[in-house]
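Q: Residues per chain, in single letters:
There are 2 protein chains.
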Amino acid sequence: MSEKLEPILIGGVWRDSCSGAYFQASDPKAKQKLPARYPVSPWLEVEEALRAARRAFDGLCGLSSERRAQFLERLADRIEARRVEIVELAQRETALPREPRLNTAELPRTTSQIRQAAAAAREGFWTLPTIDAKNNVRSMYRPLGPVCVFGPNNFPLAFNSVAGGDFAAAIAAGNPVLAKANTSHPGTTRLLAEEAFRASEETEMPPASVQLLYRTSHEDGKRMVSHALVGATAYTGSRPAGLALKEAADRAGKPIYLELSSINPVVVLPGALEERADAIAGEFQASCLMGTGQFCTNPGLVLLLDSAPARQWIDTVKARFEAAQVGTLLGEGVQNALLQSIQALEQAGAEVVTGGQAGGGEGYCVHNTVLRVSGSKFLANAEALQQEAFGNASLFVLAESVAQLQEILSHLEGNLTGCVYSHRGGRDEALYRTVTPLLQERVGRLLNDKMPTGVLVTPAMNHGGPFPATGHPGFTAVGIPASLRRFAMLQCFDNVRHDRLPLELQNKNPTGRLWRSVDEEWTQRDL
Amino acid sequence: MSEKLEPILIGGVWRDSCSGAYFQASDPKAKQKLPARYPVSPWLEVEEALRAARRAFDGLCGLSSERRAQFLERLADRIEARRVEIVELAQRETALPREPRLNTAELPRTTSQIRQAAAAAREGFWTLPTIDAKNNVRSMYRPLGPVCVFGPNNFPLAFNSVAGGDFAAAIAAGNPVLAKANTSHPGTTRLLAEEAFRASEETEMPPASVQLLYRTSHEDGKRMVSHALVGATAYTGSRPAGLALKEAADRAGKPIYLELSSINPVVVLPGALEERADAIAGEFQASCLMGTGQFCTNPGLVLLLDSAPARQWIDTVKARFEAAQVGTLLGEGVQNALLQSIQALEQAGAEVVTGGQAGGGEGYCVHNTVLRVSGSKFLANAEALQQEAFGNASLFVLAESVAQLQEILSHLEGNLTGCVYSHRGGRDEALYRTVTPLLQERVGRLLNDKMPTGVLVTPAMNHGGPFPATGHPGFTAVGIPASLRRFAMLQCFDNVRHDRLPLELQNKNPTGRLWRSVDEEWTQRDL
Numbered sequence: 001m002s003e004k005l006e007p008i009l010i011g012g013v014w015r016d017s018c019s020g021a022y023f024q025a026s027d028p029k030a031k032q033k034l035p036a037r038y039p040v041s042p043w044l045e046v047e048e049a050l051r052a053a054r055r056a057f058d059g060l061c062g063l064s065s066e067r068r069a070q071f072l073e074r075l076a077d078r079i080e081a082r083r084v085e086i087v088e089l090a091q092r093e094t095a096l097p098r099e100p101r102l103n104t105a106e107l108p109r110t111t112s113q114i115r116q117a118a119a120a121a122r123e124g125f126w127t128l129p130t131i132d133a134k135n136n137v138r139s140m141y142r143p144l145g146p147v148c149v150f151g152p153n154n155f156p157l158a159f160n161s162v163a164g165g166d167f168a169a170a171i172a173a174g175n176p177v178l179a180k181a182n183t184s185h186p187g188t189t190r191l192l193a194e195e196a197f198r199a200s201e202e203t204e205m206p207p208a209s210v211q212l213l214y215r216t217s218h219e220d221g222k223r224m225v226s227h228a229l230v231g232a233t234a235y236t237g238s239r240p241a242g243l244a245l246k247e248a249a250d251r252a253g254k255p256i257y258l259e260l261s262s263i264n265p266v267v268v269l270p271g272a273l274e275e276r277a278d279a280i281a282g283e284f285q286a287s288c289l290m291g292t293g294q295f296c297t298n299p300g301l302v303l304l305l306d307s308a309p310a311r312q313w314i315d316t317v318k319a320r321f322e323a324a325q326v327g328t329l330l331g332e333g334v335q336n337a338l339l340q341s342i343q344a345l346e347q348a349g350a351e352v353v354t355g356g357q358a359g360g361g362e363g364y365c366v367h368n369t370v371l372r373v374s375g376s377k378f379l380a381n382a383e384a385l386q387q388e389a390f391g392n393a394s395l396f397v398l399a400e401s402v403a404q405l406q407e408i409l410s411h412l413e414g415n416l417t418g419c420v421y422s423h424r425g426g427r428d429e430a431l432y433r434t435v436t437p438l439l440q441e442r443v444g445r446l447l448n449d450k451m452p453t454g455v456l457v458t459p460a461m462n463h464g465g466p467f468p469a470t471g472h473p474g475f476t477a478v479g480i481p482a483s484l485r486r487f488a489m490l491q492c493f494d495n496v497r498h499d500r501l502p503l504e505l506q507n508k509n510p511t512g513r514l515w516r517s518v519d520e521e522w523t524q525r526d527l
Numbered sequence: 001m002s003e004k005l006e007p008i009l010i011g012g013v014w015r016d017s018c019s020g021a022y023f024q025a026s027d028p029k030a031k032q033k034l035p036a037r038y039p040v041s042p043w044l045e046v047e048e049a050l051r052a053a054r055r056a057f058d059g060l061c062g063l064s065s066e067r068r069a070q071f072l073e074r075l076a077d078r079i080e081a082r083r084v085e086i087v088e089l090a091q092r093e094t095a096l097p098r099e100p101r102l103n104t105a106e107l108p109r110t111t112s113q114i115r116q117a118a119a120a121a122r123e124g125f126w127t128l129p130t131i132d133a134k135n136n137v138r139s140m141y142r143p144l145g146p147v148c149v150f151g152p153n154n155f156p157l158a159f160n161s162v163a164g165g166d167f168a169a170a171i172a173a174g175n176p177v178l179a180k181a182n183t184s185h186p187g188t189t190r191l192l193a194e195e196a197f198r199a200s201e202e203t204e205m206p207p208a209s210v211q212l213l214y215r216t217s218h219e220d221g222k223r224m225v226s227h228a229l230v231g232a233t234a235y236t237g238s239r240p241a242g243l244a245l246k247e248a249a250d251r252a253g254k255p256i257y258l259e260l261s262s263i264n265p266v267v268v269l270p271g272a273l274e275e276r277a278d279a280i281a282g283e284f285q286a287s288c289l290m291g292t293g294q295f296c297t298n299p300g301l302v303l304l305l306d307s308a309p310a311r312q313w314i315d316t317v318k319a320r321f322e323a324a325q326v327g328t329l330l331g332e333g334v335q336n337a338l339l340q341s342i343q344a345l346e347q348a349g350a351e352v353v354t355g356g357q358a359g360g361g362e363g364y365c366v367h368n369t370v371l372r373v374s375g376s377k378f379l380a381n382a383e384a385l386q387q388e389a390f391g392n393a394s395l396f397v398l399a400e401s402v403a404q405l406q407e408i409l410s411h412l413e414g415n416l417t418g419c420v421y422s423h424r425g426g427r428d429e430a431l432y433r434t435v436t437p438l439l440q441e442r443v444g445r446l447l448n449d450k451m452p453t454g455v456l457v458t459p460a461m462n463h464g465g466p467f468p469a470t471g472h473p474g475f476t477a478v479g480i481p482a483s484l485r486r487f488a489m490l491q492c493f494d495n496v497r498h499d500r501l502p503l504e505l506q507n508k509n510p511t512g513r514l515w516r517s518v519d520e521e522w523t524q525r526d527l
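Chains as they are written, first to last, in this note's numbering: chain R, 1 to 527; chain H, 1 to 527.
Hints were generated in silico from the structure; no laboratory data involved.
Cβ coordinates follow ideal geometry from the N, Cα and C atoms, glycine included.
Be careful, since some hints might not be right.
Said to hold, decoys possible - Part of the chain R face toward chain H, derived, beta carbon under 10 angstroms:
| id | residue |
| --- | --- |
| 1 | Pro7 |
| 2 | Gly11 |
| 3 | Gly62 |
| 4 | Asn135 |
| 5 | Val137 |
| 6 | Arg138 |
| 7 | Lys246 |
| 8 | Gly253 |
| 9 | Lys254 |
| 10 | Ala488 |
| 11 | Leu527 |
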């Protein structure tokens, strides 16, 4: 067991923190602390990192987007080269399965995202160059400064504060990243940061393009996101911590993009139940229990019209949940929070159909849990019954009428996703048209006949939604190139002399392929 | 003099407010209250308007974008038909000149903006439809709910909360507007609302698509922008009031777009002074005194390298300011605030070169004012010396060296614009490249050899910038279609059955001309 604290990465140097305070990650399966000790950085180090990031930003502004693309591609290659070690440590720190998850799903997704971000940097499509040639007014999105990234516990690779989606988007847009590791997988984050730093050296990026701190006090986190040197922040994690950061950043006028909480309502209409109850139960089980339910798009709320088949369907789900393996949760904190959330839902009027207690599997775990509540009870306590139970649990609501179902939908908070299952032959069509508009305006992504987990990385994806799912419904955290625009400002060049313009706005198309809007026509031609 | 209060417009009806509290506008030239009395609405009326707006939103979601375009075009026609009366009342309430301002500049700009917004609604370009056909994932920007608009005092037409740029953008994007009149020109706002309401009736828009309240308490303003039924808010006005609204909206997770304050730094490099000192002084005078300096893009800060020609140039400007007519300010409040700001600048170390006192013209007015401060004094008190002096005043800073000029630029807050004047023959080129990056990242629009007033309504315009110029540097208040996206949420349709998709996302291009992004290629073709 090492007595020494793990080094932090500031200003292009891996070095010791001046702090004596530290934390350790745990192995959630063994319920044991892992030996490595990670420092809790004092404000001094945060500020030093911000200053270094600022210098890196100046450096990045002088480099081509091609260079950023090369850096990202090198990083993806390096992650693949160190795949075995990264997956092994991620597995130990999170208890997420190696297969089919970390090794063949999340790691390839991570490197694919990084390569897509590289392509986006190279192509420049994300900058939406807009030219009024007659008046010589030209504008585009441009980087806005150092980006702080706070990654979540549930995706040690794909949403890691180093090498995850926010990181890749911020770098691709031209900003340095100051990463704050998630304290549940600091070791994985360190491995990724080692690769990122080496990739940055190999491609001659400014030294502080990537920096890593493991932890700060909450107070220093707030100072960080509201600091004058910061361009923007991306945060994925718990709602209370996210709201505290949001308040600090908002007050300072600093953009902050948050992914806070979402229970992802699923409406199953009667015709769909009649037609394919078992199949939907199977899809639901797979979606709700995958990764032990620890997904931001986990289906945590199921809305049904009360009927004998609906009750029967809940029994089917119950049986499936009881028969299914119980997964290990990410840690003791997640287990405690899940048990507390289940208790809170019960206190708010829900009854446990199955599960609700710790145990059933290896390490930190809770029995696969289904809760149920009537529509009127839900409406009597709609806020409390929308508390996210992060993990392998879901609440079923039985609405007594279509009108009550509408009322329930109109009481839903903002969510990342909303699904509607309906009869394939059109038997639910009128009902679909009645309920969907209410759901649709409360979610960032509407699905038909499909569970919400599995967020495809495609330009058409929206992984966002109204508050409190995120902090602003106009932005997405997944889906390149749109996700890059979170880390950008709109800049206009009015009467600026031609040779002083950014390449993207000069008369000649810099790549011959850059899409630019010229008088509301998209074109790839030169002016 | 009427004893009765002017009616408010709620839920499709012009009706009496239940309030006994009222206010009157003033004639700033005559320094007299105007007779009409406008109610201060209690919370009850705000809430009723929000509920009606919500119903209107549901109605609007069922209407075509063509209908919104027709409404906006009808409104533009109606404003032109009532032009004489509108201009006359706007002139009386604001003292802004009929010519060359209200009649031939601002009113045509207003109707032109409305027609551009109509065209944008019809063409749908602003929605950035993005399609991944293979995976059947499709997304676009869509309206997000009732928009509250708080208009400023300085543009009674073009930025009016009814018929101004924010109004037109919010409606074009598909949202109803709840307008809060600026209390300096409630009568003008009423005339515009009458025309808007008639146009909405003629084009069969939902009754509460346009609503008007004249005033609320500050507390109720905060409740309004953070209300669950609100989609977003647009505010243009003073910084303290705007920040109070921002805090309330941020806490509720409601988007709010603010235009708060901006001093629009102008850097005049030595070569430019040497080459064309008089011409630039003329441009500066015209820009700074136009509309009695009451523009958000008024050049309020001029940065020079100290030298004999620079000091001489300030004398030239001084002489021009003293010879120029002194315009009337928008009201007593504006006069008082301007005098206070000048005093505050003096207390912070600036000296008055000319002006600084009330008087010199008709009605509420302050002598055309130039202040001066050394670079080191500016740096010693940079925050206080960046206070906006809204009106016909500007502060000149004499930097002692290039390094000090850079230091000054790096202390500037976010601004809407930044200008650099340089030698035409390239003599300032090295200096330009040294100072511009520092300026550019702090402004939404960089200009060369041109003053910042005159915000062209073109798709390439950015009327935005980093905080505190606005609340988010990624959005523009002028420039269609980009300005529409402020009032929108990103919505994704994942596996949604084809006939349930919005027209814009169906395989057939709905107009044959809608630009859509398909696998990162912009195209107008069908799928």
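Q: Decide, hint by hint, whether the structure agrees.
A: Hint check:
no.: 1; hint: Pro7; verdict: violated (31 angstroms)
no.: 2; hint: Gly11; verdict: violated (19 angstroms)
no.: 3; hint: Gly62; verdict: holds (9 angstroms)
no.: 4; hint: Asn135; verdict: holds (6 angstroms)
no.: 5; hint: Val137; verdict: holds (4 angstroms)
no.: 6; hint: Arg138; verdict: holds (5 angstroms)
no.: 7; hint: Lys246; verdict: holds (7 angstroms)
no.: 8; hint: Gly253; verdict: holds (3 angstroms)
no.: 9; hint: Lys254; verdict: holds (7 angstroms)
no.: 10; hint: Ala488; verdict: holds (6 angstroms)
no.: 11; hint: Leu527; verdict: violated (12 angstroms)
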